[in-house]
Amino acid sequence: MLEISATWRVRAMRATQKGLSIEGVQGHNRQVILKALHDLGTCSRKDISVVSGLDQATVTRAIGPLLDDGIVEEVGLVKGGRGRRSINLDFSAGGRHILCLRLQRRSFSIAGFNLRGEPVEPEEFPIPRGQPAASTFSDIADALERRVAGLQQIDGIGIAVPGPFLERDERVILITESPEWQGFDLIPELRARFPNIPLHSTHDAKAAALTEWRHTAHKNGAKVLLYVSAGQGIGSALVVGGEVYRGALGLAGEMGHMSIKVDGPQCKCGNTGCLEIFASRIALLRAIRERATARLTSEATFSDVVAAYADSDPVATEEVNKVARYLAQGITNCINFANPDLIVIGDEYALLGEPFLDAIKRQVEKAVLPSVYRSVVIELSNLTEDTVLKGTFLDVFSQTYLGSARETQDKATNDTG
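Residues 17 to 433 in my numbering are what the sequence shown lists, from first letter to last.
Treat the hints with caution; some may be incorrect.
DSS-like mimics (lysine-lysine), calculated; alpha carbons at most 25 Å apart, straight line [unchecked claim]:
hint, residue 1, residue 2
1, Lys-377, Lys-338
2, Lys-51, Lys-62
3, Lys-377, Lys-239
If you anchor each label on the Cβ, the simulated ranges turn out as follows [stated by the list, open to error]:
hint, residue 1, residue 2, range
4, Pro-195, Thr-288, 13 to 21 Å
5, Gly-133, Val-256, 18 to 26 Å
6, Asp-357, Glu-401, 18 to 26 Å
Hints in this document: simulated from the structure, not taken from any laboratory. Every residue gets a Cβ at the ideal spot worked out from N, C-alpha and C, and that includes glycine.
Construct the complete structure from the given sequences, taking the supplied hints into account.
Laid out in C-alpha cells, this is it:
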C-alpha cells in the first residue's frame, strides 16, 4: 500500500492557497500528477491519487489531455483489489523526445531520450587536439541537426558543459586544457542555430549528480549527496533533499579548482595548486607517458592504464595511487565543509574499480574525525549509462514538465536582480 506523502498534500493545496485561476489550478494539478508519475514509474491512476492527495476524478480528468498530447500512455492492465483491473500509465516511449549534448575536452556526445528517459542511439565524436572552437561548434551543430531531422518531435535540447560554468548567465568561464573555448559563447550560438526549440544548459557534474540521486541516493535514503566527477576534468555537485545546490551564479561545486597545495603550480583559473592540475585524467596520462615503459608507452591511453592498474603494474599503481591521494584530500575538504552522508565517485575513474576506491577511503579515514567517517558512505558509481547525458535529460524534463525548483529559483533571481 502506498503511503500518502504529507509533502504532496501540501503541494496539492498550494493552488488554492495562492488563489490561482481555474487554468492555474489545472496547470498545477498537471504538474503534481506528472511529478507523481515521474517518482513512481509505471502506476495506476489510483496510485497517483494516493500519493498526490488529488481525488481520482481530478486525476482522471487531468490524464485525458496528457494522453491526447502524447506525453503519457496507457501500458496495460494490472489486477487491483476485489478482482478489479486498472490500466497502468507511463510516460510516452515514442513521438516526443529530448535531445541532449555533452561537451568534454576531447570529445562530445549526443543522445535522444524518450520521455521515459530511455536513450536513443547515443553517439560520441572526437575533438582533435587544438581544433578551433568555431570548427567544433560547426561539428556539434551539424550532428544535432541530423538528430533533430530524424526525430518526430523535440520538446527541448539540453547541453552539459565542463566548468567553471556560470549557469545563471549560461557562460563557460574556462575549460582547462581547452583554451580554444575561451570567449566562445557556445550556448547563445546554439540557441541562435535552433531558435524554435527550447534550449537548456547545465554543468556536467550537476547533471550527473541528478542521475546518481535518482538511481542511488534517493533509494538509499541519503539526505546529502556529494557527487565527484573524475575524468578528463574534476568536478563535483552537491544534492540536498533532491535539489542540486547551484550557488548564487550557478557556479557551486567547482571541486577541481579547490587548492590542495597553496604553493603549487598556478592554474588557468588564477588559483594555485588546484586539484584538477594533479588529479585529472589528462594529468594522470601525462605523468604515465613521461615514465614510458614497454607496457605503458608514450602513447598509452586511459584504457591501457586501467588494464595495467588491474594487473598491479608498478608504474600504473604508483601514479593512480597518487591521484587517489589527491582526490582524497579534496573529498576530505568537502566532507568537513558540506557534511554529506553519501559520496559517489563517477565518470571515467569509476573504471579503476575497488582498489582505487579503497586507496581513497584509507586516506579519507586518516584525515577526518572517526565519528564523521563512520557517518559517510563513499562508493563508486555503478551506473553503466552516461550519467551526464541522462542527468541532462532529467534537468530538461523537470524544467519542461515538472515546474522544477531550478526554474523557480532562476525566475526569483532575475526578478530581484
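Hint check:
With a C-alpha separation of about 13 Å, the suggested pairing of Lys-377 with Lys-338 holds against the 25 Å cut-off. For the suggested pair Lys-51 and Lys-62, the alpha carbons sit about 15 Å apart, so the restraint of at most 25 Å is met. With a C-alpha separation of about 20 Å, the suggested pair Lys-377 and Lys-239 falls inside the 25 Å cut-off, and the hint holds. Range check, Pro-195 to Thr-288: Cβ separation about 18 Å, and the 13 to 21 Å hint holds.
Here the CB-CB span from Gly-133 to Val-256 is close to 22 Å, well matched to the stated 18 to 26 Å. Taking 18 to 26 Å as the suggested C-beta distance range, the pair Asp-357 and Glu-401 conforms, at roughly 24 Å.
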